[in-house]
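Participant: Sequences listed follow chains X and C, in order. Just so you know, we're using the working numbering here: the first sequence kicks off at 1 and counts up by one. Just so you know, we're using the working numbering here: the second sequence kicks off at 476 and counts up by one.
Fair warning: there could be bad hints in the mix.
[What the hints assert, rightly or not] Calculated cross-link-like contacts (lysine-lysine; reagent style DSS-like; alpha-carbon spacing at most 27 Å):
(1) X:129 to C:806
(2) X:79 to C:823
(3) X:440 to X:455
FYI, nobody ran anything at the bench for these hints, they're computed from the structure.
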Amino acid sequence: MKYEPVIGLEVHAELKTKSKIFCSCSASFGGDINTHVCPVCSGMPGSLPVLNKKVVEYAVRMGLATNCDISAVSVMARKNYFYPDLPKAYQISQFDKPLCQNGRVDFEVDGEPKSVRLTRIHIEEDAGKLLHEASADESLIDFNRCGVPLIEMVTEPDIRSSAEAKAFLEHIKTTLSYLDICDCKMEEGSIRCDVNVSVRPEGSREFGTRVEMKNINTFSGAVRAIDYEVSRQTELLFEGGTVEQETRRWDDIKLENYTMRTKEDAQDYRYFPDPDLLPIEVTDEWVESIRESLPELPLSKLRRYIGDYGIPEKDARLIAENKSRADFLDKCEKLGADAKTVTNWLLGDIAKLQNDSGKELEESGLTPAGLCALLELIGSGKISGTAGKKVLGVIFDEGGDPLKIIEKLGLYQMSGQDEIKSIIEAVIKENEKSVADYKKGKQTAFGYLIGQCMKASKGKANPQVVNKLLKEILD
Amino acid sequence: MDLYKYTASELSRMLIKKETSAKEIAESCFKRTDEVEKDVEAYITLNREEALKQAEKADERIKNGSASSPLDGIPLAVKDNMCTEGIKTTCASKILYNFIPPYDATVVKKIKDAGMVITGKANCDEFAMGSSTETSYYKKTKNPHDITRVPGGSSGGSAASVAAGEVPLSVGSDTGGSIRQPSSHCGVVGLKPTYGSVSRYGLIAFASSLDQIGPFSRSIEDAAMLADVIYGHDPLDSTSAPDARIGAGNFAKRLNPDVKGLKIGLPKEYFGLGVSDEVKSAVMNAVSIYEKLGAKVFEISLKLVKYALPVYYIISSAEASSNLARFDGVKYGYRSSDYDGLVDLYVKSRSEGFGKEVQRRVMLGTYVLSSGYYDAYYNKGRLAQRAIKQEFSDAFSDCDLILTPVTPNTAFRFGEKSGDPVQMYVEDICTVSVNIAGIPAIAMPCGKGEGELPVGVQLIGKHFDEQTILNAGLALEKELDLKNWVADVRKA
Numbered sequence: 001m002k003y004e005p006v007i008g009l010e011v012h013a014e015l016k017t018k019s020k021i022f023c024s025c026s027a028s029f030g031g032d033i034n035t036h037v038c039p040v041c042s043g044m045p046g047s048l049p050v051l052n053k054k055v056v057e058y059a060v061r062m063g064l065a066t067n068c069d070i071s072a073v074s075v076m077a078r079k080n081y082f083y084p085d086l087p088k089a090y091q092i093s094q095f096d097k098p099l100c101q102n103g104r105v106d107f108e109v110d111g112e113p114k115s116v117r118l119t120r121i122h123i124e125e126d127a128g129k130l131l132h133e134a135s136a137d138e139s140l141i142d143f144n145r146c147g148v149p150l151i152e153m154v155t156e157p158d159i160r161s162s163a164e165a166k167a168f169l170e171h172i173k174t175t176l177s178y179l180d181i182c183d184c185k186m187e188e189g190s191i192r193c194d195v196n197v198s199v200r201p202e203g204s205r206e207f208g209t210r211v212e213m214k215n216i217n218t219f220s221g222a223v224r225a226i227d228y229e230v231s232r233q234t235e236l237l238f239e240g241g242t243v244e245q246e247t248r249r250w251d252d253i254k255l256e257n258y259t260m261r262t263k264e265d266a267q268d269y270r271y272f273p274d275p276d277l278l279p280i281e282v283t284d285e286w287v288e289s290i291r292e293s294l295p296e297l298p299l300s301k302l303r304r305y306i307g308d309y310g311i312p313e314k315d316a317r318l319i320a321e322n323k324s325r326a327d328f329l330d331k332c333e334k335l336g337a338d339a340k341t342v343t344n345w346l347l348g349d350i351a352k353l354q355n356d357s358g359k360e361l362e363e364s365g366l367t368p369a370g371l372c373a374l375l376e377l378i379g380s381g382k383i384s385g386t387a388g389k390k391v392l393g394v395i396f397d398e399g400g401d402p403l404k405i406i407e408k409l410g411l412y413q414m415s416g417q418d419e420i421k422s423i424i425e426a427v428i429k430e431n432e433k434s435v436a437d438y439k440k441g442k443q444t445a446f447g448y449l450i451g452q453c454m455k456a457s458k459g460k461a462n463p464q465v466v467n468k469l470l471k472e473i474l475d
Numbered sequence: 476m477d478l479y480k481y482t483a484s485e486l487s488r489m490l491i492k493k494e495t496s497a498k499e500i501a502e503s504c505f506k507r508t509d510e511v512e513k514d515v516e517a518y519i520t521l522n523r524e525e526a527l528k529q530a531e532k533a534d535e536r537i538k539n540g541s542a543s544s545p546l547d548g549i550p551l552a553v554k555d556n557m558c559t560e561g562i563k564t565t566c567a568s569k570i571l572y573n574f575i576p577p578y579d580a581t582v583v584k585k586i587k588d589a590g591m592v593i594t595g596k597a598n599c600d601e602f603a604m605g606s607s608t609e610t611s612y613y614k615k616t617k618n619p620h621d622i623t624r625v626p627g628g629s630s631g632g633s634a635a636s637v638a639a640g641e642v643p644l645s646v647g648s649d650t651g652g653s654i655r656q657p658s659s660h661c662g663v664v665g666l667k668p669t670y671g672s673v674s675r676y677g678l679i680a681f682a683s684s685l686d687q688i689g690p691f692s693r694s695i696e697d698a699a700m701l702a703d704v705i706y707g708h709d710p711l712d713s714t715s716a717p718d719a720r721i722g723a724g725n726f727a728k729r730l731n732p733d734v735k736g737l738k739i740g741l742p743k744e745y746f747g748l749g750v751s752d753e754v755k756s757a758v759m760n761a762v763s764i765y766e767k768l769g770a771k772v773f774e775i776s777l778k779l780v781k782y783a784l785p786v787y788y789i790i791s792s793a794e795a796s797s798n799l800a801r802f803d804g805v806k807y808g809y810r811s812s813d814y815d816g817l818v819d820l821y822v823k824s825r826s827e828g829f830g831k832e833v834q835r836r837v838m839l840g841t842y843v844l845s846s847g848y849y850d851a852y853y854n855k856g857r858l859a860q861r862a863i864k865q866e867f868s869d870a871f872s873d874c875d876l877i878l879t880p881v882t883p884n885t886a887f888r889f890g891e892k893s894g895d896p897v898q899m900y901v902e903d904i905c906t907v908s909v910n911i912a913g914i915p916a917i918a919m920p921c922g923k924g925e926g927e928l929p930v931g932v933q934l935i936g937k938h939f940d941e942q943t944i945l946n947a948g949l950a951l952e953k954e955l956d957l958k959n960w961v962a963d964v965r966k967a
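Here chain X stands alone, though its shape is the one from the complex (with noise of 0.2 Å):
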């Protein structure tokens, strides 16, 4: 028997908010220990949290990017636990009624479209961290990060596989990106996931035993994390065994996992609403103005370069997935270049620039007009292709006019017919025996004359022009 693995994630994002979510301290990662810190996230007793509306709007961008229902009234609400590094011994959190719910996140695995319904999408506070001494019997606890605004994604269990996880957390990476909601930067963990996992013989209808799997901190961690549970669970049931519903924690160093609380001891959150704040109304102008507000997202990017523009997919791809590329293309085309060229400037020299550089796009002294000067110049001809590069060179690094620094290095290509006349003329003067050579029908003879022009011209004329003119005087 042949088993399928069922799957659903829940993806946690930090909103780059200036402040955190219910006071006013800054919401920044880092920070020296416990200096982000006031009365109200530090827990402080009689301190009252107050909404920060950017939170509720940046949710509302995910949610409308996700084609979720936006609650017209959603309600904020108490998780209560115990642990040190939550100074309430209650997370604000939403329950029952979230701000967003019953989306759908469509994507590609592989090219092929794909398609995950999204359960909800709510707002919540991040906790401190613990900062444990190895030597010391005792731990620490930084503030900084308390109250820092999450949010939420709970799939529905529609994923099928390692890869799929990956494109679909891929795909909403992008999408936080797009919106500017989120850094993104997985290193300090703005982006987190638990992963729910399940498997059933294929065909079947029903569910297996889920077991949600925490602490996995990259998207090829979660990859490593499901396969291993997959074929946890497929073995366990080949040898007649049946599968606990627990949480266990992912090891990606060992690559194992192990139990971390069993059903018997799983919390009871005693959620309620939180009676010191008040239902969220979101109003429908509000949604509507923020949808206005939204940009192009990845997904329709990539059909109108493919479609509109003849980019080749897997180029077209590459641009769609990046916001800061796909946003100098679109520039770029709006200032009239050719698309496909940009393409293939951007994922060619520029690609090779920003990797040797560290940079990113908008790091560097290049911007879309330039750019577009650039191959202006390089399409009329004004200059050659290989001084483009150099130019280029300069441009990323430094910034400036192409122009300018065409002068400046004298990079200016021979286009008047008269004076690359004079040139061939004197270089057939020279060369008889291989003008008799070419006459006699011998090719190489040709490319011999063409290369001793461009010499005599020090690479300054333009090679079509020479290729032209040369035979019209040599037939």
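Mind docking chain C on chain X? Use the hints.
Facilitator: Coordinates of chain C only, in the frame set by chain X:
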């Protein structure tokens, strides 16, 4: 006459006329405290040195003609569940025995901005849970009218300090009657504001959806003046109402004792809740005064009152179980000296740090929120709350205010009810529904019972209609000889 015997409004006028100084007033109050505090034990922490400094600063302002408010330089005690920057704030609990807040509650800030002089932190039931101030970890506050009796609670220290003349004004908090019941037992005026009128920021929460801070005083005018200081929208409290609704700042100015044509409802159910004859007769005397003054008094029915107490104990305990979870021995306050690992630290710190009544409510609240019981208790409680609110709002379509007793009996003796939690809970039977409905109410003295013990009357108003009950209170006060009732501090 000693300055401590004056009301705040009298003292305010004397200060303006330069007949006395804030320093003299503060000194007189502290002198009175030195005399009676060993019997009354109203304070957990005295703030004498800082208070005298503040009084001198107030005198400077008054001298320069730049008084911050009509109550500039007037002393006041603060219940020990409101955060005061730099002054220990214990909630009368062992678990916060060493907690010094790094910030002021909004109400404390407003009090300071008004130039008022904070004399100290008043005793109360632990985390405001109780009706006698007996659950305080630190001391038992006595009723100044008979020190063998309780002052009521939970704001017993706030009420007793005002009744004993230790201070002309204080602030307390009211979750189910914690301002009005001790006011009644101590013969002072106490106002429980409309929910959302006074900021809860910095009030250490018991039950967030019911808690309100309010004034204690020995006259209606004083209560109105202090309300003018502490009322108002606070952007730090999401449940705070907009200023346009609260109508803050003008209560004292708009006081008017004319009750002609005022429609007063007497809910018959409130007079059947085990209310004693002495309380009934004092309250009915108030009724006859209103009738004499031209008010229209008639019987109404509030059938759901019998559900108010259970609803209150479900909702308040549920919220308390969550609100008090942060006292875990990790960050501040009491931590057990002997524990083995994290869970043991939690269990021991909380078991040793919280008193029995707090533990009882935390357990009750945890139970009603547990999965499988949530719908049967908490959800049902919220539904009943909605019904009670609706019943009050229907009743107010026929009347301008509702008049009831505050407590079924006068102040009881120490230990009389502390052995039986349910008997203690019944103390709140006339007051809790007001919190459930979120509406304002005043308790004020309306007579004397056996042993000259104070009897109070409760005037309940519509949402944000404090002015009507203050006006009606003023009318009654003028007809009775119970204004500015400073107790002798004695054994009856």
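Participant: Against each hint, give a clear statement of whether it holds in the structure.
Facilitator: Cross-check of the supplied hints:
For the given pair, residue 129 of chain X sits about 14 Å from residue 806 of chain C by alpha-carbon distance, which is consistent with the 27 Å threshold. A distance of roughly 23 Å separates the Cα atoms of residue 79 of chain X and residue 823 of chain C; the hinted pair therefore holds under the 27 Å criterion. At most 27 Å may separate the alpha-carbon atoms for a hinted pair to count; residue 440 of chain X and residue 455 of chain X meet this at roughly 24 Å.
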